[in-house]
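Enquirer: These are the residues of each chain, in order.
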Amino acid sequence: MRGTAAEVVLELQGIVKDFPGVRALDGVDLEVRAGEVHCLLGQNGAGKSTLIKVLSGAHRPDAGRIMWLGEEVSFARPQAAMRAGIATIYQELDLVEGLSVADNVFLGREPAGLGFVHRGRMREAARGVLTRLGHGEIPVDREVAKLPSAAKQIVSMARALSMDARLLIMDEPSAVLAHDEVANLFRVIRELTAQGIAVIYISHRLEEIRDIGDRVTVLKDGRTSAANLDAKGTPTRELVSKMTGRTIEYVFPPRPDHSPGAELLAVEGLSLAGEFHDVSLKVHAGEIVGIAGLVGSGRSELLETIYGARRAGAGTVRVAGQELRPGDVRAAVRQGLGMAPEERKSQALVLDDPVYRNITLATFGRFASAGFTSHGRERTAAVRIADELQVRPPGVERPVRTLSGGNQQKVVVGRWLLGGTRLLLLDEPTRGVDVGARAELYEVIRRLVADGVGILLVSSEVPEVLGLADRVLVMREGRLIHEAEASTLDEHTVLDMVMAGSLLETENAV
Amino acid sequence: MTVLEKATPIPAGRREWSEPVKRNLGLVGVLIAILAVGAITRPDLFLDLDWLWRNELLILTQASAIGVITVGMTFVMIGGGIDLSVGALVALTSVWCTTVATQQFGSLGMIFTAVVVGVIAGSLNGVLIAYGRLVPFIATLAMLVAARGLAQMISGKLTQRVDVANQFINQLSFNKILGIPALVLIMLAVGVLGWILLNRTTFGRRTFAIGGNPEAARLAGINIRRHLVLLYALSGLCCGIAAIIVVSLSSAGAADHGDLYELDAIAAAIIGGTALSGGRGTIVGSLLGVVIFKGITNLFIVNNLEQEYQLIVKGAIIVAAVLIQQFRVSSLRRRTSG
Amino acid sequence: MTVLEKATPIPAGRREWSEPVKRNLGLVGVLIAILAVGAITRPDLFLDLDWLWRNELLILTQASAIGVITVGMTFVMIGGGIDLSVGALVALTSVWCTTVATQQFGSLGMIFTAVVVGVIAGSLNGVLIAYGRLVPFIATLAMLVAARGLAQMISGKLTQRVDVANQFINQLSFNKILGIPALVLIMLAVGVLGWILLNRTTFGRRTFAIGGNPEAARLAGINIRRHLVLLYALSGLCCGIAAIIVVSLSSAGAADHGDLYELDAIAAAIIGGTALSGGRGTIVGSLLGVVIFKGITNLFIVNNLEQEYQLIVKGAIIVAAVLIQQFRVSSLRRRTSG
Amino acid sequence: TSNEKKGDSGSGSQTVNNSQGDNTAPGKAVKIGFSAPAADHGWIAAITANATAQAGKYSEVTFVPVAAGKDVTEQRPAVESLISQKPDVIVMLPHDGAQMTSTGRKAMDAGIPVVNLDREFSDPLAYRLLIKGDNYGMGVAAGHYIGQKLKGKTNPVIAEIPGIDELQLTQDRSKGFRDALALYGLKVGPRIAARFTVASGQEVTANLLSGNPHIDAVWNHDDDQGVGVLQAMQQAGRKEFFMVGGAGSLDAMQHIKAGDTPLEATVTYSPTMASSAINLARLIAQGRKMSELAELQVPKLIILQSETITKDNVDQYMPLGFRS
Ligand SMILES: Nc1ncnc2c1ncn2[C@@H]1O[C@H](COP(=O)(O)OP(=O)(O)OP(=O)(O)O)[C@@H](O)[C@H]1O
Ligand SMILES: Nc1ncnc2c1ncn2[C@@H]1O[C@H](COP(=O)(O)OP(=O)(O)OP(=O)(O)O)[C@@H](O)[C@H]1O
Ligand SMILES: [Mg+2]
Ligand SMILES: [Mg+2]
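Chains as they are written, first to last, in this note's numbering: chain P, -11 to 498; chain G, 40 to 377; chain X, 40 to 377; chain L, 2 to 325.
Worth flagging that the hints you see were computed from the coordinates, not collected in a lab.
Built from N, CA and C at the ideal position, the CB exists for glycine as well.
Take these hints with a grain of salt, some might be off.
What the hints assert, rightly or not - Stretch-level coverage of chain X by chain G, calculated; a stretch enters the list once three of its residues show a Cβ under 8 Å from a Cβ in chain G:
no.	region
1	68 to 81
2	225 to 238
3	306 to 314
4	348 to 355
Said to hold, decoys possible - Listed next, with one range per pair, are the computed distances between beta-carbon atoms:
no.	chain 1	residue 1	chain 2	residue 2	range
5	P	Gly101	G	Gln210	33 to 43 Å
6	X	Pro82	G	Phe213	35 to 45 Å
7	P	Glu256	G	Ala359	51 to 61 Å
8	P	Asp50	X	Pro82	26 to 36 Å
9	L	Lys188	X	Ala204	32 to 42 Å
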């Protein structure tokens, strides 16, 4: 659609947004045309989410103009933006866990007469949208709390889609989606753009942007550092330098050719009813073992069970020969295990506590003497990690709630990099983390491994698994179906293994 | 492809039981247990079906006032709030609607007054919370204190009898329709209306949303402040209705009516599965909670238990009740999952 | 994004005030306001510094029991719970430590008994909540009811005088050290210890973590259950200490001591900035909250306001207090934000 | 009850018109301090109302009431502030006799005579005059009335509905009741406590009646809650028994007179004691004597007799009936 200059639907000029102690947006310009997929790129904390929240009426800008369909507007409340035809999928799932899928899809816009909800109609409509998204199998009466994270993401998409808007904003929709899901998402996006609907798409995965994007606008430190680049043509090096102000040559640091040390973790015949069956695996000191698989294949449960957060139905977990008591996290931690869980907000962060307290949440005991904590030592240790992972904005005193999604993720992972752990369980460690910070994170992980730490890595990004892991396990429907040296595998073989079975469903789902 | 590989499969046809339904079954279990204890301790009475029927109606009658209040409280709590002022509002409205001045307007005038005063006071709670940004606990605590004072001021701390002219109010606690006491029917009516409002209207859906995830509610374009005011007004309305019930039961309005009702209502709602943190709760559960508490009291008095033992045993029963119920839920959960 | 040196001129070196500190300043503002009202309504007294000093000491003395309880309550609430049983536990421990049997062991014996009984009852709360998985509200409500019953049973519903032999307890409420009443010093001591425990120890850190996000705390390897038991035991301990204070103030133990203290303590903690939802709160704030409430009561008694007006005005003052305080916070927030 | 009263001009409180002697003649100006628990129900309200009204009758008396708050810990500082204002005499109805003793003692030591109203201090040195109702005697009176009517009947069911059970006075009343019934070889059957409030009276009674299909007699300690008790009896349509009330409220007396309810009698525990207390406090402060007594000083102890009001004598008590 390049060249054929379609009508400009949205134009932002000099948008400024201040938060206590932080200027999130410092004069952002953006231009979106009908029927295009306009990608927003930027480091964690660059201001992407804030920008779209300004757009959707969730935040009021402190300065700047919003031109929508040719006339200047200011959205006092989210409702206003929706009415104007702007629908948004927020980065943090914006669903009400206690309500059903259908209720969530139409929350605030329920089809109703005299205040009475037309439940039949609502269910039908919801089912319709979900099917359109290729997920007719999600039961519209199911309580959202009972859905997998991936399914939740689909529901918020259905929400946005059901508004049949002129502009659809998606803030890192692919973060919780596995490869096949993303493909499906893109299918839907193409349908929309074909109807002339504009899409603003935010992601940290460049390959996605190349695939789906038409034009790219890059944010840096709350400013537009480059506008309307060609999504397909612009070289990666340029995009990255526009984002970070520097160039990153190798995302994955070279794999040192050391031979793994003594056996650290030995899992035998581990099973958890309804989640996974008879899983056996080993991790050695100084080794990274990656697990590839679809969302819902049970990887998170596996990690949680090894860690003792869930009680295994059968099987044993040994750390350095020591058998762990099932369902006992503290025992695991005492043995030097650490886990960065999948869902940062619900499982990992104390949102109102300052960054440094979140980083030391699992380790403050170590900085204490005779039960008395030492804020000084804690803070310095935390600052070290925060700097290493480029947590922005600097200053470990601010509540973690006020950090951007990616920066929160860094805090979650950083917690276990403080040292003192022998075996790290990482579940989607780079979810929502930008390219630059990823490189740093990989560096740190490598360094730990060099010091003899063992790592079990779960990631839905196959390249990450292949790039980082020494050995790769492939998991499907709760079973380990393949194990091999990372060097002997490539992305496609892995994807085939991962998706065999579910591919069929794709065909009859679409 | 699917994101629900592990999602608990739903047997075709039959819908799975929702958590709340399971909970409420647990509560029914508790009620049966209470009856059983009764049958064991006073077989002479509890096995006499005629007596049993009358006694259960009595329990329901005694439960009616708190029951109505608890319906309002359930809304407030699902919406993420709490209303400590309900007891005091019952006192205030009961006094206001039994002043000589009011009573001249007859029973209807009294009912009207009670309802209006209740709604106004409730809305005031709502305004303080929604616009004054006070914590519900504090705002309604202030209302509790002030309303009691006002009630004492109006009544001069004297019991205000309903005068004989106001037949309707006087008779309300005597009347039966198809053998069911009018007061019980009032509670049931409020319960049914509450259920519909909560489960079948946008108001209800939004109440859940506001309590469950205020940010999401805001982003969905729900007017949270206005909704909060409505929630507390609703609670006030229920207090007004409850006041009428109390007045007709005791044939008088008094500043000491509704003493500690707030505790009973909140406890009943929580026993019934409503979350103090908001976002979860059912009308049926709350009403069952109320009946359980009144059933326990009745059980004691029927057994002429000395007060101190009443209290000790009551504490034990509350714990037992919750445990029974949890057992019920978790066992069912185990069965449905995995 | 840029850190706003320009928008927020934070003088180098000096850190900006944390939210809690601002809140507490707000509370101090409220206290001053109360004094001002006193000075306006009773200049004859409030402007007489000698009287003023004695009166403020009196207020603090009156606040000491609730103050101690509120320290424990603050811990429980920061940990995400609530303890409705505190008032009843004060009654139970006060009765237990004033039985003829106990009194034979002298003042120390009485203190020991009070503390032990308090801790045991508190731990029971904790066990019900941590291992019985009861909602704190219900578990401690059950304890409230049962403890009152037990207290009535033990005391036979009679007031139990402290006998003259037990000098120490009897004198406690009369003694002063450096002109400060002993009871006040007890409250301050408990406050200081509480502050240290909350802000300087791993115990305090765990408390915040558990209240802030239990799941995260669990996954971080914190033993939530054991910690919960300790929290409620701590609250029980405070009740035991408070019981001693009440006993020496009233020179007797009685089953109706500590009536509705739970409400006062929770309200004070919330006014002081502790969140019902857990994860946030300060000892200083809670104690200021207690003093504010007692200050208000004192203001009324000094002005010998009729009870009904006391109540009405009190309600208004509570609202005003929070608003003043919020104003303070938000104004400060505005200043720090760009 | 308040509503009927609004019509007539009555003050709603009962005062003593002592025509006898010269005690009515104004004496030296005196300041009478007064402290009673915050009135939360009829009887206490009447106490305060009576005291105030009685004091109003004397030109030379300045009446200084202090709010006593909701419990001892609040009444103490109140009275102490009163002491510091140096009145000539203090009339005090304590929340709890035992717990306020030390305060009473303080006043006496400060040279201020204390008139201890109703709830007795545990130390005689803490008051100059104790004037109280007779809780035990009240129970006895009720017991005798019921005993008389039921003697000879084979194990009749006698129900008792006390007020707030944790109170010492409740315990005393119940003991008197038991002891008196024992004289007739009778026992108390079901005994369920209410809370002195109309609503609690109704709820407790409703359940009590349900649990006891046949009852012969009921003693209800308190006519305030009696309103609810009677209501519950009507709602249950039960009248096979008769009832004795307590305290002697106007409402109760009217029912006795009308005979339209099971309430046949009530045993007095009259708030008029407050009026008498003020009178005697005045005399004490002025150093006068009681005209009918030979002694030159007001005596130290006065215990009011608990009288039994029935249809026969109700008219003569009507004026003393307090409005609840
Ligand atoms: N409510 C808030 N209060 C204070 N600061 C905030 C708040 N929300 C965002 N910020 C700050 O604004 C900046 C931009 O945040 P934003 O979420 O827009 O970044 P982002 O580009 O979405 O990053 P990510 O890719 O990690 O999602 C960050 O520095 C963040 O700390
Ligand atoms: N029926 C269900 N009820 C409740 N939770 C479910 C259900 N099905 C799946 N989940 C949860 O949803 C999430 C998705 O499954 P899971 O995370 O195990 O997939 P995964 O293999 O870990 O993929 P990813 O690592 O991307 O999450 C898990 O937390 C799982 O426990
Ligand atoms: Mg973002
Ligand atoms: Mg997972």
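Enquirer: Please check whether the region 225 to 238 of chain X has three or more residues whose CB lies within less than 8 Å of a CB on chain G.
Expert: Answer violated; 0 residues pass the 8 Å Cβ test.
Enquirer: Taking 26 to 36 Å as the hint, is the beta-carbon distance of Asp50 of chain P and Pro82 of chain X inside that range?
Expert: violated (48 Å)
Enquirer: Lys188 of chain L and Ala204 of chain X, beta-carbon distance inside 32 to 42 Å?
Expert: holds (39 Å)
Enquirer: Does the region 306 to 314 of chain X contain three or more residues whose Cβ lies closer than 8 Å to a Cβ of chain G?
Expert: holds (count 3)
Enquirer: Quick check: the region 68 to 81 of chain X, covered by chain G? Criterion 3+ residues, Cβ under 8 Å.
Expert: It is violated, with 0 qualifying residues against the three required.
Enquirer: Would you say the region 348 to 355 of chain X counts as covered by chain G, given the rule of at least 3 residues with C-beta under 8 Å?
Expert: Held - the region 348 to 355 of chain X has 8 residues with a Cβ nearer than 8 Å to chain G, which meets the minimum of three.
Enquirer: Would you say the C-beta atoms of Gly101 of chain P and Gln210 of chain G sit inside 33 to 43 Å of each other?
Expert: Taking Cβ atoms as reference, Gly101 of chain P and Gln210 of chain G lie about 39 Å apart, which means the hint holds.
Enquirer: Does 51 to 61 Å hold as the CB distance between Glu256 of chain P and Ala359 of chain G, or does it fail?
Expert: violated (42 Å)
Enquirer: At the C-beta level, are Pro82 of chain X and Phe213 of chain G separated by a distance inside 35 to 45 Å?
Expert: violated (58 Å)
The structure fails to meet hints 1, 2, 6, 7, 8 from the earlier list, while all remaining hints are met.
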